[in-house]
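As a plain string of letters, each chain reads:
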Amino acid sequence: MEYNVKRREIIIDKELNNLDKFVLDFIKILEKYTSYVIISGYVSILLGRTRTTEDVDIFIERISEEDFLKFYSELKKKGFWCLNEEDGKEIYSYLEDNLAARFSYKGKTIPNFEVKFPKDNLDKETFKDFITVILPQGKLKISSLERHIAFKKYFLGSDKDGEDAIHIEELFKDKIDYEKVNKLKELIKRRK
Amino acid sequence: MKRDFLKPGKDNKEERLNFIKFWVDYIKKHSDKEWSEQQSFLINSQIRK
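For the record, the sequence lines run as chains A and B. If you count the first sequence from 1, you need to add 154 to reach my numbering. If you count the second sequence from 1, you need to add 598 to reach my numbering.
For reference, chain A alone in the conformation it holds in the complex:
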C-alpha cells in the first residue's frame, strides 16, 4: 500500500473481497451521475482493517430530481434496490430532507450503501480534500485521512470508531497532518 500525499492517492494491489466488489459495482453506476466521497467505516476497511460492516456511508453531490431518477433507474436495471421505498421521487425527497437512502443488491439487505446529501459546510468540505484509492479493478474516492480520524474520534466516538481511527493513524503515522485533525476537531465540537 502506497500513499502519495501530494497526489492525494493511495495505491493498493489488494485481492478484492465481496464488500469491495459490492462497493465498486455501485460506484460504477453512481459516478456517471454525480460526484461522491465514501466516508466512515468502509474507509478503514478498504485500507486493511480486520472487520466488516453492514453499510457503506457515502456523501453524493446534490443532483436534480431528474438526474436522480435516471441514476435510480440504472441502479434497478443493474440489480440494486432501495430499502426505504420503491418510488424514486419519494427516495429523492428523503435525500432532500437530509435523510439517508439505503441501497442493496435486489432481494438483499446487507451490505448496503447509506447515501446522503451533504447537509452543511463541514460535510461539503469532504469533497474538497478527498483521496483517490487506486485498486486493481477501479478507483474509489474516500474522505481525507485527517477528516476520517477527526470524525471517528470526536464525532462518532464508540470503541469501534476509535479503533478504526487508530488503524489509520498507525498505518500512515508520518503522513497525517495533525494540525488539520485538530482544526476539524474544533469544527466538529462547534457543530455538536
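Hint data in this document are derived by calculation from the structure and do not stem from the laboratory. For clarity, every value in this text was computed on a predicted model and none was experimentally measured. Note that the Cβ used here is the ideal one computed from N, Cα and C, for glycine as well. Any given hint could be a false lead.
If we take Cβ atoms under 7 Å as the criterion, some of the chain A residues that face chain B in the derived model are [to be verified]:
(1) M155
(2) N158
(3) I166
(4) E169
(5) L173
(6) G202
(7) T204
(8) T263
(9) P265
(10) E317
(11) I320
(12) H321
(13) L325
(14) D328
Assemble chain B onto chain A, guided by the hints.
Below, chain B without anything else, positioned relative to chain A:
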C-alpha cells in the same frame, strides 16, 4: 528473519489495541496480496456474493 510477537494486553481494551498495532505492522511488512487475502477470508465469511 526474526519473528514478531503480539504483546498480550492487560485488559480487553489494551488487547484490542495491541492487536490493531500488530496487524498494521503485518500490513506494512507484507505485500498487499498477502494481507488482503486474509482480510477477504474474514469479510467473505460474512458477506456472500
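We went through each hint and held it up to the structure:
1. M155: holds, 6 Å
2. N158: Since chain B brings no Cβ nearer than about 15 Å to N158 (chain A), farther than 7 Å, the hint is violated.
3. I166: It holds, given that the least Cβ distance between I166 (chain A) and chain B is near 5 Å, below 7 Å.
4. E169: Hint holds; E169 (chain A) Cβ to chain B Cβ min 4 Å, cut 7 Å.
5. L173: Result: holds, 5 Å to nearest chain B Cβ.
6. G202: holds, 5 Å
7. T204: holds, 6 Å
8. T263: Status violated, d = 12 Å.
9. P265: holds, 6 Å
10. E317: holds, 6 Å
11. I320: It holds, given that the least Cβ distance between I320 (chain A) and chain B is near 5 Å, below 7 Å.
12. H321: holds, 5 Å
13. L325: holds, 5 Å
14. D328: violated, 12 Å
This entry does not satisfy hints 2, 8 and 14, going by the numbered hints stated previously.
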